[in-house]
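Novice: Letter by letter, the chains look like this.
Protein chains: 2
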Amino acid sequence: MATKSATAVRRASRSDTRDRLIQIGTEILSEKGFDATGLDEVLRRANVPKGSFYHFFACKADFGLAVVDNYAFLWDQKLKRLLRNPKVAPLQRVHDYIDEGVRGLRKYSFRRGCLVGNLAQELAGLDDSFRKRIQLVFASWERLLGECLDEAKLAGELPADADSARLANFFWMAWEGAILQAKLERSVKPVEQFRDIIFKFILARC
Amino acid sequence: MATKSATAVRRASRSDTRDRLIQIGTEILSEKGFDATGLDEVLRRANVPKGSFYHFFACKADFGLAVVDNYAFLWDQKLKRLLRNPKVAPLQRVHDYIDEGVRGLRKYSFRRGCLVGNLAQELAGLDDSFRKRIQLVFASWERLLGECLDEAKLAGELPADADSARLANFFWMAWEGAILQAKLERSVKPVEQFRDIIFKFILARC
Numbered sequence: 001m002a003t004k005s006a007t008a009v010r011r012a013s014r015s016d017t018r019d020r021l022i023q024i025g026t027e028i029l030s031e032k033g034f035d036a037t038g039l040d041e042v043l044r045r046a047n048v049p050k051g052s053f054y055h056f057f058a059c060k061a062d063f064g065l066a067v068v069d070n071y072a073f074l075w076d077q078k079l080k081r082l083l084r085n086p087k088v089a090p091l092q093r094v095h096d097y098i099d100e101g102v103r104g105l106r107k108y109s110f111r112r113g114c115l116v117g118n119l120a121q122e123l124a125g126l127d128d129s130f131r132k133r134i135q136l137v138f139a140s141w142e143r144l145l146g147e148c149l150d151e152a153k154l155a156g157e158l159p160a161d162a163d164s165a166r167l168a169n170f171f172w173m174a175w176e177g178a179i180l181q182a183k184l185e186r187s188v189k190p191v192e193q194f195r196d197i198i199f200k201f202i203l204a205r206c
Numbered sequence: 001m002a003t004k005s006a007t008a009v010r011r012a013s014r015s016d017t018r019d020r021l022i023q024i025g026t027e028i029l030s031e032k033g034f035d036a037t038g039l040d041e042v043l044r045r046a047n048v049p050k051g052s053f054y055h056f057f058a059c060k061a062d063f064g065l066a067v068v069d070n071y072a073f074l075w076d077q078k079l080k081r082l083l084r085n086p087k088v089a090p091l092q093r094v095h096d097y098i099d100e101g102v103r104g105l106r107k108y109s110f111r112r113g114c115l116v117g118n119l120a121q122e123l124a125g126l127d128d129s130f131r132k133r134i135q136l137v138f139a140s141w142e143r144l145l146g147e148c149l150d151e152a153k154l155a156g157e158l159p160a161d162a163d164s165a166r167l168a169n170f171f172w173m174a175w176e177g178a179i180l181q182a183k184l185e186r187s188v189k190p191v192e193q194f195r196d197i198i199f200k201f202i203l204a205r206c
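Chains as they are written, first to last, in this note's numbering: chain A, 1 to 206; chain B, 1 to 206.
No lab work stands behind these hints: they were computed from the structure. It is possible that part of the hints are untrue.
Counterexamples of contact, computed for chain A against chain B with all Cβ distances above 10 Å [claimed, not checked]: (1) S13; (2) G51; (3) K60; (4) R131; (5) I134; (6) L167; (7) F170.
To spell it out: a stretch of chain A is covered by chain B in this simulated footprint if at least three of its residues, at any positions, have a beta carbon under 8 Å from a beta carbon of chain B; those stretches are [claimed, not checked]: (8) 26 to 38; (9) 81 to 93.
It should be emphasised that the depicted structure is a prediction, and the values quoted were computed from it without experimental measurement. All C-beta atoms in this analysis are idealised placements derived from N, C-alpha and C, irrespective of residue type, glycine included.
Hey, can you work out the whole structure from these sequences and the hints?
Specialist: Following this line, the structure appears as structure tokens:
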């Protein structure tokens, strides 16, 4: 029993270390992108020796993909919480998502932006494993938003013939562009412009 | 006179070398971004020794800014050619711009995307000189497109109360997002989706 417990503790501790590396990697990659992020900085901030790193990840790219997976998981949770919120009318949920995005930009002084947007821009032309993984992330966001827009149609908030999937696809394209401009201007104004135009023209209430 | 000519030749040759470095830098930075671009590769492809590089540029960042300026100049010329084309109705000019973008994506197998979009994503949070320079580039694009949309209003193609400046601002945000998705999917589909939605909802003819 004692041995089993010790093994369990070691396992928990190993898992904690891996989680800490991924969490700190998420923070740093969100600000700096992949190439400019040095493993040394990740290890120093996570207080993990280099040897341990290679117990968890075969290489830096392997670590980067785990960071993308973590970011995708967190974002899916956030989108489900906001876009499936039964207490709020469907189009208001989209407003709530944008409002939370604005708060996030302010919280990190416009330095973080969107991790998958950043990595897509940086790596789409260079690395196929990142390119394909990030496509799956956007596909998931599109599906979740598309479902919310379907609910908006049922609730009579959008025209019955609105193409939810295409509108969701366009929303995320323009959202990524808005986040990029917000980083560039260090201002929430681009996201506010995005919101105003999306709701005036694209997600126009019936 | 002979000395003057020799000086002129040397000057022309110096200027050629600088231009070649910037042209090759534009190609490589468009694909790889700033951090992943090694000066050695630029110098090798331009066939220029390292010592010469520092005659022209104080450092890699200085070179990067010159590349941004060159890209901005080329793009301004292209936008003026297309968006001020007096032989074509104003909204058709916007179509023509998008069509040329689609051809460009195909030509470079979806690897290049938009240099200022790439560098904005990579450097906006890290380097203030790039951030401010790239803002100026987008401001110029917005002005040129805004003028074209003003002409569309005069021609009765857009409602008289359309806010050309805000629509132009939104167009470029969403455009950058569409180019990013095209790189990610290695497909022109995102840009076609962008075009269809922009013309159906945002730049809807009167």
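Novice: Confirm or reject each hint.
Specialist: Each hint, compared with the structure:
1. S13: Its Cβ never comes within 10 Å of chain B, the nearest being 33 Å, so this holds.
2. G51: holds, 27 Å
3. K60: The assertion about K60 of chain A holds, with a minimum of 13 Å to chain B.
4. R131: Non-interface label on R131 of chain A violated, nearest chain B Cβ at 6 Å vs cutoff 10 Å.
5. I134: Violated, since 6 Å does not exceed 10 Å.
6. L167: Violated, because the least Cβ-Cβ distance between L167 of chain A and chain B comes to about 8 Å, which does not exceed 10 Å.
7. F170: Since the minimum Cβ distance to chain B is about 5 Å, F170 of chain A lies within 10 Å and the statement is violated.
8. 26 to 38: Per the Cβ count (5), the hint holds.
9. 81 to 93: violated (count 0)
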